[in-house]
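Number of protein chains: 2
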Amino acid sequence: MSAKDPSRGLLVSPIKNGTVIDHITAGEALNVLRILGITGSTRECLSIATNVESKRMRKKDIVKIENRELRTEEVDRIALLAPQAKINIIRNYKVVEKKGVEIPEVIRGVVRCPNPGCITNTDEPVESTFEVLDKGLHCLYCDWLIKDDIANHII
Amino acid sequence: MSAKDPSRGLLVSPIKNGTVIDHITAGEALNVLRILGITGSTRECLSIATNVESKRMRKKDIVKIENRELRTEEVDRIALLAPQAKINIIRNYKVVEKKGVEIPEVIRGVVRCPNPGCITNTDEPVESTFEVLDKGLHCLYCDWLIKDDIANHII
Numbered sequence: 001m002s003a004k005d006p007s008r009g010l011l012v013s014p015i016k017n018g019t020v021i022d023h024i025t026a027g028e029a030l031n032v033l034r035i036l037g038i039t040g041s042t043r044e045c046l047s048i049a050t051n052v053e054s055k056r057m058r059k060k061d062i063v064k065i066e067n068r069e070l071r072t073e074e075v076d077r078i079a080l081l082a083p084q085a086k087i088n089i090i091r092n093y094k095v096v097e098k099k100g101v102e103i104p105e106v107i108r109g110v111v112r113c114p115n116p117g118c119i120t121n122t123d124e125p126v127e128s129t130f131e132v133l134d135k136g137l138h139c140l141y142c143d144w145l146i147k148d149d150i151a152n153h154i155i
Numbered sequence: 001m002s003a004k005d006p007s008r009g010l011l012v013s014p015i016k017n018g019t020v021i022d023h024i025t026a027g028e029a030l031n032v033l034r035i036l037g038i039t040g041s042t043r044e045c046l047s048i049a050t051n052v053e054s055k056r057m058r059k060k061d062i063v064k065i066e067n068r069e070l071r072t073e074e075v076d077r078i079a080l081l082a083p084q085a086k087i088n089i090i091r092n093y094k095v096v097e098k099k100g101v102e103i104p105e106v107i108r109g110v111v112r113c114p115n116p117g118c119i120t121n122t123d124e125p126v127e128s129t130f131e132v133l134d135k136g137l138h139c140l141y142c143d144w145l146i147k148d149d150i151a152n153h154i155i
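Residue numbers (the working numbering), protein chains in the order written: chain G, 1 to 155; chain P, 1 to 155.
Worth flagging that the hints you see were computed from the coordinates, not collected in a lab.
Heads up, a few of these hints could be off.
If chains are identical, the list can't say which one is meant, so a pair holds when it fits in one copy or spans any two.
Taking lysine-lysine pairs in the DSSO-like style, the calculated list, with each CA pair at most 27 angstroms apart, reads [stated by the list, open to error]:
no.: 1; residue 1: Lys-59; residue 2: Lys-147
no.: 2; residue 1: Lys-94; residue 2: Lys-147
no.: 3; residue 1: Lys-94; residue 2: Lys-59
no.: 4; residue 1: Lys-135; residue 2: Lys-16
no.: 5; residue 1: Lys-147; residue 2: Lys-98
no.: 6; residue 1: Lys-135; residue 2: Lys-147
no.: 7; residue 1: Lys-55; residue 2: Lys-135
no.: 8; residue 1: Lys-55; residue 2: Lys-147
no.: 9; residue 1: Lys-55; residue 2: Lys-16
no.: 10; residue 1: Lys-55; residue 2: Lys-86
no.: 11; residue 1: Lys-86; residue 2: Lys-147
no.: 12; residue 1: Lys-98; residue 2: Lys-86
no.: 13; residue 1: Lys-16; residue 2: Lys-147
no.: 14; residue 1: Lys-94; residue 2: Lys-135
no.: 15; residue 1: Lys-135; residue 2: Lys-59
no.: 16; residue 1: Lys-86; residue 2: Lys-99
no.: 17; residue 1: Lys-135; residue 2: Lys-98
no.: 18; residue 1: Lys-99; residue 2: Lys-16
Please model the complete structure; the sequences and the hints are all you need to start from.
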């Protein structure tokens with residue numbers, strides 16, 4: 001396969017160490033990166049594929065991040081956008097850990113409260129804090145409820 | 001290659017129709033997507049690789065966008081972030097057009113003027129317009145000069 005022929009497949013080589021996030025809800029890969037704080041210019045070796053075919057999900061996204069092992073706290077944020085995601089931690093080319101994501105009970109510092117009057121939107125050093133309910137994200141400071149489109153509220 | 005073994009390479013299949021943006025400045029792929037208006041949830045089939053090895057550039061990013069042929073106007077915006085980028089238009093698995101990017105003389109509606117008092121930041125229906133100079137981007141309405149970090153000002 002020649003790099004000079006872009007019509008050919010792009011073979012993203014296996015990663016030696018890092019994290020593979022598989023079975024991301026189709027189309028949500030860029031939001032998953034955002035919720036992990038990966039935006040703009042990046043030094044990380046990423047490979048991303050969106051809307052690829054999947055036996056289990058029909059379509060899915062995949063994200064590989066080299067040389068970064070996601071912490072449980074980060075992993076669980078992903079559940080807000082992609083509850084079926086599977087996290088594979090890779091060391092020396094082997095999967096050493098494989099886990100699903102669990103919707104956290106409380107998320108701090110991840111989502112901005114849409115209420116401009118909320119104390120978390122002032123100059124006070126107060127981190128946004130939401131409890132995760134079936135009906136949406138509930139701000140513990142001002143009672144605002146984010147019902148949908150959580151991705152648009154990521155800080 | 002099995003999808004069940006995430007330690008293996010991720011083979012992104014060749015695209016039938018669309019655009020391959022090659023030789024993007026290393027680390028700038030996510031900004032290139034942003035300047036193309038591809039953010040958040042996406043229906044497009046994208047494949048992205050950042051900081052991969054390149055003979056010519058040491059490291060580079062690559063973006064493939066299926067079923068979308070970039071227009072010259074869009075292509076030239078990319079030059080602001082990745083002046084060495086090469087655009088390959090693919091039809092029926094073949095490269096039908098290959099072109100570099102040219103830094104445009106004027107860019108409209110792409111970058112937000114950092115001056116809060118600029119007319120383009122008011123409710124007036126005036127599109128942001130910058131001329132591209134060697135020293136930076138010059139707002140044609142308020143004379144503000146954006147010297148660096150253009151990516152942070154993308155609308």
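Outcome of the hint check:
Within a single copy, Lys-59 and Lys-147 get their C-alpha atoms as close as 25 angstroms, which meets the 27 angstroms cut-off; across copies the closest is 42 angstroms, which misses it. Taking the closest pair of Cα atoms, Lys-94 and Lys-147 never come within 27 angstroms of each other, the shortest separation being 39 angstroms inside a single copy and 45 angstroms across copies. In this assembly of identical chains, the alpha carbons of Lys-94 and Lys-59 lie at most 27 angstroms apart whether taken from the same copy (25 angstroms) or from different copies (25 angstroms). Proximity of Lys-135 and Lys-16 under a CA criterion of 27 angstroms is satisfied in neither setting, with 40 angstroms inside one chain copy and 42 angstroms between copies.
Proximity of Lys-147 to Lys-98 under the C-alpha cut-off of 27 angstroms is found in neither arrangement, the shortest distances being 30 angstroms within a copy and 45 angstroms between copies. In this assembly of identical chains, Lys-135 and Lys-147 lie within 27 angstroms of each other by CA distance solely inside one copy; the values are 6 angstroms within and 46 angstroms between copies. For the homomeric pair Lys-55 and Lys-135, neither the shortest alpha-carbon distance inside one copy (30 angstroms) nor that between copies (52 angstroms) is at most 27 angstroms. Neither within a single protomer nor between protomers do Lys-55 and Lys-147 lie at most 27 angstroms apart by alpha-carbon distance, with minima of 30 angstroms and 49 angstroms respectively.
For the homomeric pair Lys-55 and Lys-16, the shortest alpha-carbon distances inside one copy (26 angstroms) and between copies (21 angstroms) are both at most 27 angstroms. In this homomeric assembly, Lys-55 and Lys-86 come within 27 angstroms of each other (Cα to Cα) only inside a single copy, at 15 angstroms, whereas the closest approach across copies is 34 angstroms. In this homomeric assembly, Lys-86 and Lys-147 come within 27 angstroms of each other (Cα to Cα) only inside a single copy, at 25 angstroms, whereas the closest approach across copies is 42 angstroms. Only within a single protomer do Lys-98 and Lys-86 lie at most 27 angstroms apart by alpha-carbon distance; the minimum there is 7 angstroms, versus 38 angstroms between protomers.
Taking the shortest alpha-carbon separations for Lys-16 and Lys-147, neither the intra-copy value of 39 angstroms nor the inter-copy value of 39 angstroms comes in at or below 27 angstroms. Neither within a single protomer nor between protomers do Lys-94 and Lys-135 lie at most 27 angstroms apart by alpha-carbon distance, with minima of 39 angstroms and 48 angstroms respectively. Taking CA atoms no more than 27 angstroms apart as the test, Lys-135 paired with Lys-59 passes inside one copy only; the shortest distance there is 26 angstroms, against 45 angstroms between copies. Proximity of Lys-86 and Lys-99 under a CA criterion of 27 angstroms is satisfied intra-copy only: 6 angstroms inside one chain copy versus 39 angstroms between copies.
Taking the shortest Cα distances, Lys-135 and Lys-98 never come within 27 angstroms of each other, neither inside one copy (29 angstroms) nor across copies (50 angstroms). Proximity of Lys-99 to Lys-16 under the C-alpha cut-off of 27 angstroms is restricted to the intra-copy arrangement: shortest distance 19 angstroms within a copy versus 34 angstroms between copies.
The structure is inconsistent with the numbered hints 2, 4, 5, 7, 8, 13, 14 and 17, although it conforms to all the rest.
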